[in-house]
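Asker: Residue numbers (this note's numbering), protein chains in the order written: chain A, 9 to 334; chain B, 9 to 334.
No wet-lab data here; the hints were simulated from the structure. This structure is a prediction, so every number in the text was calculated from the model and none was measured. Among the clues, some could well be false.
Copies of one chain are not kept apart here, so a pair can be met inside one copy or by any two copies together.
Cut-off 27 Å, straight-line C-alpha distance, at most; resulting in silico cross-link-like pairs (DSSO-like, lysine-lysine) [unchecked claim]:
id: 1; residue 1: LYS122; residue 2: LYS262
id: 2; residue 1: LYS100; residue 2: LYS262
id: 3; residue 1: LYS115; residue 2: LYS133
id: 4; residue 1: LYS273; residue 2: LYS122
id: 5; residue 1: LYS262; residue 2: LYS26
Protein chains: 2
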Amino acid sequence: MNNAFERNIQAALAAVAKREKLANVFFVACGGSFAQMHAPKYVLDRESASLVAETYNSAEFVARDLPRLGSSSVVILCSSSGNTPETVAAAKFAREHGAYTIGLTTKSESDLAKAVDSVVLYVSKPAEANADGVGPALLSLAFGLLRDREGNRKHEALTRSLSALPGLVARAQAAHDADALRWAKAVRREPVIYTLASGPNYGVTYSFAICILQEMQWIHTQAIHAGEYFHGPFEIIDDTVPFILVLGTGACRKMDQRALDFTRKFTDKILTIDIEALDLAGIETDVIDYMQPLILQPLLRTYAIRLSESRGHPLTVRRYMWAMEY
Amino acid sequence: MNNAFERNIQAALAAVAKREKLANVFFVACGGSFAQMHAPKYVLDRESASLVAETYNSAEFVARDLPRLGSSSVVILCSSSGNTPETVAAAKFAREHGAYTIGLTTKSESDLAKAVDSVVLYVSKPAEANADGVGPALLSLAFGLLRDREGNRKHEALTRSLSALPGLVARAQAAHDADALRWAKAVRREPVIYTLASGPNYGVTYSFAICILQEMQWIHTQAIHAGEYFHGPFEIIDDTVPFILVLGTGACRKMDQRALDFTRKFTDKILTIDIEALDLAGIETDVIDYMQPLILQPLLRTYAIRLSESRGHPLTVRRYMWAMEY
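Isolated chain A, as found in the complex (with noise of 0.2 Å):
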């Protein structure tokens, strides 16, 4: 564990801690970074009695301008390089509203990190599983309210499960770097690629979808809800159409597996990543459920890496991204 990252985060519980009352968390970010949100929110969702957990996209949170943020409220904001004028605007905003704010960037100088009430500072690579990632830094931050607030104790478990975390996904990636090189080979040609997944796991597959193909291979898409698949999607599949199916573990297996079954039933083109297949020694019982988009997040990323290399389009090219005014 990195100790300046530690000790950011257990400032910024500390702080928070000094509030008297709690009632609401605000995960609020813009694409990749709001994709992540999904995670710590599972997590409250799941364990909390008291703290209600909410995800905004940063320009549609200001827009709805809710009565409820207030000085009982902590605003969770995330920006990779602190920048993004939607999510900076956020931040303000939610402090002027009395909320206590926690910014997450890679930037120690950036305007978000200047915006905010606590800053916590992460190391970004996409590749690896890193403990000083964004991703382990909003599970520390879910589970350490949790136990200031109410006595929870999973953190522990947390923080012994999050050493694990990097041997553990380089070992998964290793082991799926074959399936991937076929996969890319195979669907390299494929102008459309949906995703489906439901629970902590849908996060990480609306990254896939609207970071990875979408922004970085031009790829249509649609991260599909494995719970709302059988109520309109799923009419679109045939022997046709490609899917990248997440097998969760946990609560929201039962959805991923039925939609599994069903779409087998029509199409071999599906991908699926069973979390249950992989090697987990290390993660402990208490938090699997919540790390899971932890270990799928840079796993998709082997196949990302190599959908580019069999299609001749590098991850890093965009055609508006940065090139314009937008």
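Using the hints provided, position chain B relative to the given structure of chain A.
Answerer: This is chain B only, laid out in the frame that chain A set:
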């Protein structure tokens, strides 16, 4: 106003008013019914200082098993047939946990009607803006809760404005029909059509994407959120990719306008539905932000009907839904 419909709503509200404490309102459904839930959440988000509103897919709601669900919760569920298994299960689950349950359905003898504390029977006319439809029911419940818990008076403006809705929408549909014909002819061979919207209108475009485009027309799509657009999805656009963009009114319009301004630089394949360009006579200022999805939904149906005609693919055709076990 249909009297039985109004009596159903007021009876449900009267029963909820008897509960000493009300902390959270869960809006729970699947697919097209789930899409309807974004509008009442938007109302409570914008208006309420005390009530937390959350939307969940029915299966995800049960899987999450929130400790916050209890006697100070109201769970509002919807299923047109009343027989959506996940929604019936969610109603039973919520009731067992002590929540007050309100079920919206078109069938008085359905499983959902039997599973809930209060039933609101609505009339489903997707191509019209009937005052006894699911949209008016959900807004009436939201503003009724605000009236009973917080003394909010906007339910009066809502009731007056709802009576203007059917005529207004019929006029808007007539005014748009020539555009709908032209658009449907232009996009009839497109394999992908994206939607773009934000705030209260997002649910309508989500419904159009998954229920009309995917389910009824087998066209690939994603309901892109206008605030998320610039953080990934916008890299997909060029002059070959068609969009349906909703320019809403109220707090979220500037998100939509920004998305439109950018998209226009790269493609003419944009169908823009501008709520402010419609004749909105009879809709009071206090509630226009909340009522726009009730106008948008049947207006977009005009486009769906013309699209189905131009493609020779009736909106009633399914290959999997209701045709097999799933």
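Asker: Run every hint past the structure and note whether it holds.
Answerer: Evaluated hints:
1. With identical chains, the CA atoms of LYS122 and LYS262 are at most 27 Å apart between copies only, with a shortest distance of 26 Å across copies and 44 Å within one.
2. Taking the closest pair of Cα atoms, LYS100 and LYS262 come within 27 Å of each other only across two copies (19 Å); inside a single copy the shortest separation is 41 Å, beyond that limit.
3. Proximity of LYS115 and LYS133 under a CA criterion of 27 Å is satisfied intra-copy only: 14 Å inside one chain copy versus 53 Å between copies.
4. Proximity of LYS273 and LYS122 under a CA criterion of 27 Å is satisfied in neither setting, with 53 Å inside one chain copy and 34 Å between copies.
5. Within a single copy, LYS262 and LYS26 get their C-alpha atoms no closer than 41 Å, and across copies no closer than 37 Å, so neither meets the 27 Å cut-off.
The structure shown violates the earlier hints numbered 4 and 5.
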